[in-house]
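Make the full structure from the sequences, and use the hints.
Quick note, the sequences are listed as chains R and H, same order.
FYI, the numbering for the first sequence is 1 to 333, going by this note's numbering.
FYI, the numbering for the second sequence is 1 to 507, going by this note's numbering.
Calculated directly from the structure, the hints in this document are not laboratory data.
Beta carbons are placed, not taken as given, at the ideal position from N, Cα and C, and that holds for glycine.
One should not assume that every hint holds.
Said to hold, decoys possible - Some chain H residues judged to face chain R by a derived CB distance under 10 Å, without partners named:
| id | residue |
| --- | --- |
| 1 | Ile180 |
| 2 | Glu181 |
| 3 | His184 |
| 4 | Thr305 |
| 5 | Thr309 |
| 6 | Leu335 |
| 7 | Pro337 |
| 8 | Leu345 |
This is what each chain is made of:
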Amino acid sequence: MKRIVDVQLIGPFAAMLIVAVIVSLTTDRFLSVGNLSNLSLQVSIVALIAIGATVVIFAAGIDLSSGSMVALLTMIFAEMLKFQGIPLAFALPLILLTGALLGLMLGLVTAYGRIPSFITTLAALIAFRGLALTFNGGAPVFSLDPALEPIFYARLFGIPLPFLYLVFFYTLAAFAMNHTRLGREIYAVGGNPAAAVLTGIDVNRVRTITFVIAGFMTALGAILMSARLNSGSPNYGQTLELQAIAAAVVGGASLAGGRGNVLATLMGAMTIVIVQNGLNLNAVPSSVQNVVLGLIILLAVGIDRWRPELSVLLSRLLGRPRSTGAVAANKTV
Amino acid sequence: MNDTAPLWELVDVCKAYPGVVANDRVCLRLLRGSIHGLLGENGCGKSTLIKTLSGVQQPDSGSILRSGRPVRIDDPRTAREMGVATVFQEFSIVPTLSVAENLFLGNLPVSRLGIVDWDRVHSDAAAVLDDMGFDVSPQTVAGELSVGGQQLVEIAKALVRNAGMVILDEPTAALGEEEIERLHRLLRTMRDRGTAILYVSHRLDEVERIVDEVTILRNGRVVRGSGETGINVAEIVDAMVGENIGEHYPKVCNAGDEIVLEARHLATASGVIDASFTLRRGEVLGLGGVLGSGRTEIARALFGTDRITAGKLLLRGDAVRFEREIDAIDAGMALVPENRKVDGLFFNFRAGGNITAAALPRLVRSGLLDLAAERTATRELVRDLEISPQAEHKTVDFLSGGNQQKIVIARWLFSNAQVLILDEPTQGIDIGAKIAAYTLINELTRAGKSIVLISSDHDELLAMSDRIAIVHHGVVHRTVEASSLTHDDLVRASADPDEHEPGEVAA
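And the structure:
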């Protein structure tokens, strides 16, 4: 298993390094300790949500709802803490549960209602943002709870907590995908749903579970978002769903489902955040940054689609016979 | 133009696919004003020939003459421009567009401004449809027509383009008797006006009715050219089947006495009307019948895919009810589906993931998959079934059809299934791999497993089955010892079971 993991991570890892080198050449500030530490904080929210986005994509679905769900959940969180007086220790699990339930709802509608996930979650993208506006008259809520900020800003043995969350959840996700029945069934459903049905896999159940996972991870992202700014706002999480999907795609997950490695999504998320960071450090306006994000997504999918042509091109450039083995290994789960 | 030369002539056309020579020095002459039957069993090379003539693929060697002059049919567009119209089994009409739009698709008449001249589209379409005697409005949405109606639209497209030759691939496979008669009337009219028609079929009963001359293919070769065989069913069957069949079938009889599976008057909404049969331990029960006779639907009923609406299914004497596939799998059933690429394989997995997919719970140890056990089991099955060892390390899309099929079968060995339904298990694999599959069937039955075999290859079905249940229009008419049937009997019985032994047919 280890060998396969390595092969799948090489491409995304190389992409991340190249981007990092380019950015560090454009500005001295990139490699400063402060900036790198800031980077790991910045990547944490999108990278956690990207785990859910990736798992949904593995099962050949797509989740467009996470950005709006973040906004909705920060508002519910704010309502609980600030206006309902619910203690933080109770509010935290309640938010995680709410996220999982919202995911469950999307999963049930998608799988059993036979509505494509693109539509289900597009509807949710609009509806969740609308729901978020119904709290507190649509205004942001600040200063939720002094105990909230350490969730994001505290350190353990000098390591920022968000970094530890990443390590924990990515390890868990990678292990679950490779070593549990559910993980295998997710890959099977994404690889060939018809064959999955005929091998007795409960395709609808598996698809539903991927959305529950996505909802849970989104709730985690929402908690970090609230903790980071000690607030809730119906405007949080704009385009977060696209960044999460982009992280999965840049990490090499096939949008057709069944192929990819969840650890590669972390590389994808870092690549995207490094690009954004580089653009920020070079004072590029955010409007242009969105254009760049769009181009990165196109390029990542393009590289996946053009793989055969690229491998021919590469072998010509290197003057070596084309190796089909490399292509094979890249597709292997 | 040379009017005495055939409109189209193929000379020594060869076409090979990996592992199979599909067309071996095939010669064919198609005359104006003649309906030419191209006959042969499944896998004889008919489809390959059609694809060559319609420009879908290029022959490896040989020449194609049009009115005596050599031509190249580079692509389907060239074929169309040369006046070849092909009506494939899968129609190419756009179901959401109207009949008239379909007729002129790609060639809509436009005014000088580039705007579609709808009045002309509809009047021209009406004229063609009227000429065909096809009573349908040009504005009808094509998808709302019956299969027969859609087929007539396809033929109307050929008429609109004034095609000199029309190729029909198994045109009556999905038609009712009246629709067949309507189609035949139209084809005769077209012939009388000088169109060359290539009529591809494996249904013998039609041949006498419609065809002027025949060419018969077997194993990619022409065994009877036009003029060599009269339009006589007995002669044609002999030519189609050939001699010395059955030698490469290493059948071993392992059937015991214990009845494992029994179907009593099964019916489903999908087309099984009345299916009764028994399956014994170690037995191979063949389901004989033509395409669309309900064989696959019986398989779906046995596997829990289609709900059984009437009748009973007994497994070792106990009534069972499969709500879903997983229920059937848990009870020890297995299905090797007809289309392994679409319904069988996970192309994102290597052999291991494919083999263990139907029995993942067997791998779970305290909540986790035992990947070491998976590797061991995979290695054993890959070795036992003589699957290419590469399969352990590469995704299965890199394997040959034979290896892929063995992997699907290995899946059900891993799940420890006792009853295996094999739907067209040797379709599209070469002869060596077929023999390997037959040997595997013997080994399965020797191990006490029972098999329901569905095959359109009559020789295979006869040779590898212990008994054969004859299916026609969703009804199992009778079950007979395979050894008591000849190929000819089976072909005829599948086509029309009532005619030959009316006494045995349940009312």
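To see whether the hints hold, each was checked on the structure:
The interface hint given for Ile180 of chain H is violated, since its Cβ lies 32 Å from the closest Cβ of chain R, which is over the 10 Å cut-off. For Glu181 of chain H, the interface hint is violated, the least distance from its beta-carbon to any beta-carbon of chain R being 37 Å, above 10 Å. Nearest Cβ of chain R to the Cβ of His184 of chain H: about 37 Å, over the 10 Å cut. The hint is violated. The closest approach between the C-beta of Thr305 of chain H and any C-beta of chain R is roughly 8 Å, which is under the 10 Å cut-off, so the hint is satisfied.
For Thr309 of chain H, the suggested interface contact is broken, since its CB lies about 20 Å from the closest CB of chain R, more than 10 Å. Nearest Cβ of chain R to the Cβ of Leu335 of chain H: about 6 Å, under the 10 Å cut. The hint holds. Satisfaction of the interface hint for Pro337 of chain H is found here, the shortest Cβ-Cβ separation to chain R being roughly 6 Å, below the 10 Å cut-off. The restraint placing Leu345 of chain H at the interface with chain R holds, with a minimum CB-CB distance near 6 Å, inside the 10 Å limit.
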